[in-house]
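Novice: Residue-level listing of the chains:
Protein chains: 2
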Amino acid sequence: MSDSPTSKALPSRPRDAKSIESWSEESEVIVVGLGVAGGAAAIEAARTGADTLVLERATRGGGATALSEGTIYFGGGTRVQKATGFDDSIENMTTHVRAAAGPTSDPEKVRLYCENSLDHFDFFCSVGVEFKDTYYEEKVIFPPTDDCLIYSGNEEAHPFSEESPPVPRGHKPRREGSAGGYIIECMIETLSDLGVRIQNETRVETLVRDESGRIVGVVAIVDGEERAIRATRGVILTTGGFIMNKEMVRHYAPDLAKCNYPIGSEGCDGSGIRMGLGVGGAAINMHEGLMTTPYFPPTSHIQGVLVNQQGQRFINEDCYHGRVTGSVMQKAEGRAYLIVDDSIYGKTMVPYKMAAVEETIGELEKALEMPEGQLVHTLTTYNEDAERGDDRLFHKAPKYLKPLVDAPFAALDLSVDRSLWAAFTLGGLDTKSTGEVLTVDGEIVPGLYAAGRASAGLTRSGRYYASGMSIGGSSFFGRLAGRTAASATQG
Amino acid sequence: MSDSPTSKALPSRPRDAKSIESWSEESEVIVVGLGVAGGAAAIEAARTGADTLVLERATRGGGATALSEGTIYFGGGTRVQKATGFDDSIENMTTHVRAAAGPTSDPEKVRLYCENSLDHFDFFCSVGVEFKDTYYEEKVIFPPTDDCLIYSGNEEAHPFSEESPPVPRGHKPRREGSAGGYIIECMIETLSDLGVRIQNETRVETLVRDESGRIVGVVAIVDGEERAIRATRGVILTTGGFIMNKEMVRHYAPDLAKCNYPIGSEGCDGSGIRMGLGVGGAAINMHEGLMTTPYFPPTSHIQGVLVNQQGQRFINEDCYHGRVTGSVMQKAEGRAYLIVDDSIYGKTMVPYKMAAVEETIGELEKALEMPEGQLVHTLTTYNEDAERGDDRLFHKAPKYLKPLVDAPFAALDLSVDRSLWAAFTLGGLDTKSTGEVLTVDGEIVPGLYAAGRASAGLTRSGRYYASGMSIGGSSFFGRLAGRTAASATQG
Chain R
1 MSDSPTSKAL PSRPRDAKSI ESWSEESEVI VVGLGVAGGA AAIEAARTGA DTLVLERATR
61 GGGATALSEG TIYFGGGTRV QKATGFDDSI ENMTTHVRAA AGPTSDPEKV RLYCENSLDH
121 FDFFCSVGVE FKDTYYEEKV IFPPTDDCLI YSGNEEAHPF SEESPPVPRG HKPRREGSAG
181 GYIIECMIET LSDLGVRIQN ETRVETLVRD ESGRIVGVVA IVDGEERAIR ATRGVILTTG
241 GFIMNKEMVR HYAPDLAKCN YPIGSEGCDG SGIRMGLGVG GAAINMHEGL MTTPYFPPTS
301 HIQGVLVNQQ GQRFINEDCY HGRVTGSVMQ KAEGRAYLIV DDSIYGKTMV PYKMAAVEET
361 IGELEKALEM PEGQLVHTLT TYNEDAERGD DRLFHKAPKY LKPLVDAPFA ALDLSVDRSL
421 WAAFTLGGLD TKSTGEVLTV DGEIVPGLYA AGRASAGLTR SGRYYASGMS IGGSSFFGRL
481 AGRTAASATQ G
Chain U
1 MSDSPTSKAL PSRPRDAKSI ESWSEESEVI VVGLGVAGGA AAIEAARTGA DTLVLERATR
61 GGGATALSEG TIYFGGGTRV QKATGFDDSI ENMTTHVRAA AGPTSDPEKV RLYCENSLDH
121 FDFFCSVGVE FKDTYYEEKV IFPPTDDCLI YSGNEEAHPF SEESPPVPRG HKPRREGSAG
181 GYIIECMIET LSDLGVRIQN ETRVETLVRD ESGRIVGVVA IVDGEERAIR ATRGVILTTG
241 GFIMNKEMVR HYAPDLAKCN YPIGSEGCDG SGIRMGLGVG GAAINMHEGL MTTPYFPPTS
301 HIQGVLVNQQ GQRFINEDCY HGRVTGSVMQ KAEGRAYLIV DDSIYGKTMV PYKMAAVEET
361 IGELEKALEM PEGQLVHTLT TYNEDAERGD DRLFHKAPKY LKPLVDAPFA ALDLSVDRSL
421 WAAFTLGGLD TKSTGEVLTV DGEIVPGLYA AGRASAGLTR SGRYYASGMS IGGSSFFGRL
481 AGRTAASATQ G
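Taken in sequence, the protein lines are chains R and U. Sequential numbering of the first sequence, starting at 1, is according to my numbering. Sequential numbering of the second sequence, starting at 1, is according to my numbering.
These are computed hints drawn from the structure, not numbers from a lab. Where hints are given, some of them may not hold.
One copy or any two copies: either way a pair holds, since identical chains are not told apart in the list.
Claimed, not checked - Pairs of lysine to aspartate or glutamate residues, derived as EDC-like cross-links and limited to a Cα-Cα distance of at most 20 Å, are as follows:
1) LYS331 - ASP255
2) LYS366 - ASP390
3) LYS8 - ASP441
4) LYS258 - GLU247
5) LYS366 - ASP385
Given only the sequences and the hints, what does the whole structure look like? Please build it.
Specialist: As structure tokens, then:
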């Protein structure tokens, strides 16, 4: 958006099919990138009956999903929801997902995702992913145990809680702690059972296009050598987002460029988006992303008070952490302190700078160089409200309201330039729900599909969002892409 | 960004030169659209020696400029600045313009604009635009008199005032009240003197492209009939922004879509941007725009206190009105009240809903259904600070600080869904400083140029901005486009 992009942010030009002397290999469907979107696409393509080849640049694969906790956003009355006593419906889920997908979301993608959520749960079961029929009550980023169901988004937080009855929909597979790698391993085993070929250490940065404009294959680099691989039905780009490509982030997403901890695998360098752009695909929502700083756990920190440089609150602290962090950027110019008292303070995952520790709020205010009386007023009001169980300013849920009265008081510095802010991108190739890549004038690029973070998918804004919507949306639309490509007329 | 664009938001496909049976006319340079960018481009092209033809869809032309007050942003020590005792330098101007152009601005465009500001002032003088050597001290949106120099942006407001010494740079031509139409009339007269042909009531929505990819002309509609007009050196799109195209606004700029008063002429329907997209041009910064609600004049309203639904202040009220309004959208979810007392209240240009009028701030707070004690606290703090001349929260300049103590007190509702919010777009075709239109991969579309709101120009964000940067930037880069096209090799 600022100055012109440099080479690393530029589209990747396709190769002309006529220039390919011989194809080293051929497959009906080629899937580029083995994360959760690629795994789902390949499984579905193979189940639809297509000969399918997966090309993955890493030694094993897994993408950003393998590095994640593995939460998946399901609803509408899953087996786990029912077993744990939660009453959900597709309609209820749709209301929340529509909000959580963000103001620029695609209504058709939201609708399809919710209407088919039970089927999508079954899909994961069918590839061997297990879910325990348990609910983990504490508000965490993810359960440290092998428990399943959590509130992973803004369902219980104002104003979302007013719009639809809160129900937990984050489903973490049955593994202690992080389960992202486990999901990928289940998929790899399923792919093996289905006879899908996976070629690792194979880097794809070039599409091959024929005279008619159809994508008919890729040029892969294996051991430093080029191999042209033909795809007779379609190429599916599931290469991830672009958070690891600093130049793309700087060019497209200035707010994300301020964050110092990219969430993604090495492969999240935008290669698929750039390949898509190079054949006329449109990239949309490119300035958006999720930003987060993990001020909890400990869950007790949600009882803290988040203030800007003026000592004012600006958000209910019990929202999804990405919404809270996004609000720090949007409403507080990237600068905020979490005020805690001795009874709720606990060790955080990352070491925040302790901006001040004092015996009184007045002293804390002074140490933070805030205008005299402002933080004192904020805390006086908050404590009164907490005492009564009614946060009149931002409607934090009563269960997280506790007067801050136990000295000493501390201010954790959550500012973007002084603490860890993690981020990933939410922009990518414009696609139909089927995964077909669209040009800027809404036409399909024949033979090309995209899903996962390489596309602008289900979820378009980090300030709405819920954990599990990325893996959920990426796998769901990966499946649709796989099915569509597998059924496409042979080129 | 959301669902797929409909036809009115789609690129306009070019016509193949081979399909043109005969050209009805030919010119070296064709300028599409006679606003300030088009006028400047045509004058400069003609002065460079090129045969130049201007095609304008309206009966007279003028675009958004003719409807505006006509302020132009000049600095670096203009004749008017010197005569009125203001000391400016190119360096000082550059520091402020860099900030005012916004976080996604193009450093090269900022540099060129500032370094050549005195020459650009001379250009306007050379086309007969007069400026009175006077300074209008009161903070207004524009002087109602024929006076010239005003602070038209954020120069005096925190934090900008800390970054560079404040100097006024808004220059309004010597005409009572609005002077935009006058600027255009001066340009039309200059064009006439230069022998430039102007064809009115001529609508252009199609470019003509030859086999090599070069733009070689346009198809114009005159009296319902198509006429192919050849351009041997270049076509310059100066067709304005897209605020009048509801579908484009909804698709690209969701925040602007909430505003109910589009600022622009009928022609600001994105036709040029769509033509550029149709030949591979990239459109950037499309979600950005200027939003404003005119809460002043009266200037006394700047002494008011702007609060969100929680009764909190969130911005210094003496910023540029577009920055204040943009902050209402960004920081206060589009809802805010301007609190005034009896002594500063005055009639505004647009009728705001008076949300409440009460004898005490406590009663006002109650009437506005704000949490008890919040507005009272805000006003207590503000009044103490105003008394001392030191706004410790947001650093409003001392000259606008006055305790609000004269009952009754009123709350004017400035919310986006309850008052007039004007808006125009700040996104458009990606161009080099020379006006050459760039593709998504940074290559030039041969024969095609853009300037003014059809391009992403000098200024990229309404929350920084200054009045006069649009007319200033549009005319400056219009001139560069005119000069470049006029010197281009003949196609």
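Novice: All hints are to be evaluated individually against the structure, with a verdict given for each.
Specialist: Against the structure, the hints come out as follows:
For the identical chains of this complex, LYS331 and ASP255 are neighbours both inside a copy (13 Å) and across copies (15 Å), given an alpha-carbon limit of 20 Å. Taking identical chains as interchangeable, the C-alpha atoms of LYS366 and ASP390 lie at most 20 Å apart only when they sit on different chains, with a minimum of 17 Å there against 28 Å within one chain. Proximity of LYS8 and ASP441 under a CA criterion of 20 Å is satisfied inter-copy only: 11 Å between copies versus 25 Å inside one chain copy. Taking CA atoms no more than 20 Å apart as the test, LYS258 paired with GLU247 passes inside one copy only; the shortest distance there is 13 Å, against 32 Å between copies.
In this homomeric assembly, LYS366 and ASP385 come within 20 Å of each other (Cα to Cα) only across copies, at 17 Å, whereas the closest approach inside a single copy is 24 Å.
No hint from the list above goes unmet by this structure.
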